[in-house]
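Number of protein chains: 2
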Amino acid sequence: MDKYVELTTETIVDYVNSKTDFFASDAVYECEEIGDGNLNLVFRVKDTKNNTSVIIKQALPYVRVSGGDWPMDINRGAIETAVLELHYELTDGLVPKVYSFDRDMYCVIMEDLYDYTIMRTGLLEYNSYPKFADQITDYLVKTLLLTSDVVMDHKDKKELVKKYINPELCEITEQLVYTEPFRIGGRNDMEDFLVDFQKTELAEDEELSLEVAKLKFDFMNNAQALLHGDVHTGSIFVNQENTRVIDPEFAFYGPMAYDVGALVANLIMNYISTLAWLPEGEKRQNHLDYLLTATKDVVDLFAEKFLKLWDEVVTDEMAKTPGFKEWYLEDVLVNTAGVAGCEMIRRSVGFAHVKDLDSIPDDTLREKALKTNILLAKHLIKNRHEFTTGAAYQKVVKEITLD
Amino acid sequence: MDKYVELTTETIVDYVNSKTDFFASDAVYECEEIGDGNLNLVFRVKDTKNNTSVIIKQALPYVRVSGGDWPMDINRGAIETAVLELHYELTDGLVPKVYSFDRDMYCVIMEDLYDYTIMRTGLLEYNSYPKFADQITDYLVKTLLLTSDVVMDHKDKKELVKKYINPELCEITEQLVYTEPFRIGGRNDMEDFLVDFQKTELAEDEELSLEVAKLKFDFMNNAQALLHGDVHTGSIFVNQENTRVIDPEFAFYGPMAYDVGALVANLIMNYISTLAWLPEGEKRQNHLDYLLTATKDVVDLFAEKFLKLWDEVVTDEMAKTPGFKEWYLEDVLVNTAGVAGCEMIRRSVGFAHVKDLDSIPDDTLREKALKTNILLAKHLIKNRHEFTTGAAYQKVVKEITLD
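Chains as they are written, first to last, in the working numbering: chain D, 35 to 437; chain V, 35 to 437.
Just chain D, with the same shape it has in the complex:
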């Protein structure tokens, strides 16, 4: 950490020009700090004359909101960049391009996705993204299957497992997704109207805790594929034509279901949010229809492409056994529903929320939305073996009402 200095809008231009020759010599610079996350500084540097720009992301050695009291392994910056480079290659560009990474400053300079929108923001403005389900399932199937023992040389895979051991970031997930929401206290953060509900529906439901414990140990032990580790709609840039997945700093070797489930959960939460926010009418119906189709398509296209790619790339001799790929996929899909449930719950009562639910302006509707979200999440966790098709999700999501 000797050479580590936090960058500022004053130092950022010199820094970029010392690391890349991205900008022309006649550049006219405009800089802003655009980070809204907890763990990093994020800058955009733009050359307004030639209309080019880059993003610079620097890992901080502590959690930003804590003012320095909650230290955080800065090596995640190196993990994030290595994963972006690997995913760029595996997915043929479904992640931003990396121009430079600097191990002294834990700082990456990368492609500015200036003509994209953060998907969560876009969905909250009731936009739809017709190519999203197809592109995100390409990303998921390729990043997951191609880093697994099904495909990789097993010794090379083990070296990647080693490289991507990510204890501090995994601990965040283990605590905030798989533990605290199902217990009293900790860093849980919920509205007053949820306090009793969380106690009776979550903390006191031992059957639920048992299922979550199984999912938690799967998360901790099942080194199946190199995950992104945080595929919510705030980690995805979209527009009408393209999809890009950012921020893989939680990456590690874990269960494939964790990535797929997080995404499904965030689509469902936007669905519930839309029900609560928008008055009945065509606009609402269109957005609900879009979300319903997107959820269904994510599950079904993932399954369909997974089986297809498997046949093209499988190398493990035993994995070629008839019936094995279907068994393997089913296990991923079952746990996907479990993960989706955990994600929906932690976004309602845990440390980190989503704008979709929190910003519903009407108190009564917000309470109904949050409770409905939690109850559906419990159903997904407890009955996860039934959720192996898009149709299964479609059925329960369609039945959601806030009446």
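Check before you lean on any hint, since a few could be wrong.
Chain copies aren't distinguished; within one or between two, either way the pair holds.
With a straight-line Cα cutoff of 25 Å, these simulated BS3-like cross-link-like pairs (lysine-lysine) come out [as the list claims (entries may be wrong)]:
| # | residue 1 | residue 2 |
| --- | --- | --- |
| 1 | K248 | K354 |
| 2 | K176 | K131 |
| 3 | K354 | K176 |
| 4 | K189 | K248 |
Hints are computed from structural coordinates only; laboratory data are not their basis. In this text the structure is predicted, and so the values were computed from the model without any measurement.
Position chain V against the provided structure of chain D, taking the given hints into account.
Just chain V, lined up with the frame of chain D:
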């Protein structure tokens, strides 16, 4: 590898004295190379005057029988020593004590278990070890549970996972235990009378391959506990009073079932061997009774002690959920039966055999023994969900006949 030299009986005394002050100054030395394995040189140096001795084990950078053509990661020597030291602490001395380890020579100097017998040899002489089941289940429960996420700080556990990534040794198991015996060719090695049998009963049984594929992926992905990785009766020293487990060079973070299952398989194979070797009579009945009880006790004591220790040491908040420890144990026991089956099969038709079966002198009985062994193994793999108690094993083992 610059400073690496293979030791010989000529150089070994000076080597030991350069690394330890174990021997008295008036020592009278006697040296012998006693290694019979494939991967290491093993020496005993004895001071005949003061009646003290040590064992020196040096990792070779190739597989011994190959004459140098099959290279082997020499770092396993460091893994083995680190595991011995950790296991010594966790089990209160159920492994030999390490006096010195040398990273230049990949050479460990350790306690000589001179008043012990290799268990396989002892069992082949029809000896019984009344304290074995109790002591080996202490070893298994402590080494496995205490290195798991149930107990360890999760970040510390991940550092151990990283430290013990063991690609080359795992690949041996993945190929020789979980792949080749279920396929034609490879390094399989079987007697002529097994060639057709292996083809129809193993290579062509797709239902069996499917179950083995599941077990193989569990072996590769389930980083549950720090395993020994090769707990057969040739890795165990015993006498009437004590048990010591040696040779953990296959150690890595894997499924607990792998260690328990390998042991159970080797007890069953000695049972089948005894049936074939010994004529009916009291001696045979006593040995069969001992093996039957030992097999039953290993499973039942493992389960009993596992649940008891769990309550004493569990730290993970979700792992404390009622019902979780029983679910977790059942999963270990189910896969134990699957592993036992794979081990029994690979010892019959694969690259590495066991003396118990191979040395049955009568051709007809040996053929019957090997085929019986394979069929029982298939039953264990396919019906592994039924094998969660010692009684379940006792029942099928008691029914074995070679008529």
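Could you work out which earlier hints the structure fails to respect and list their numbers in ascending sequence? No hint contradicted; all consistent.
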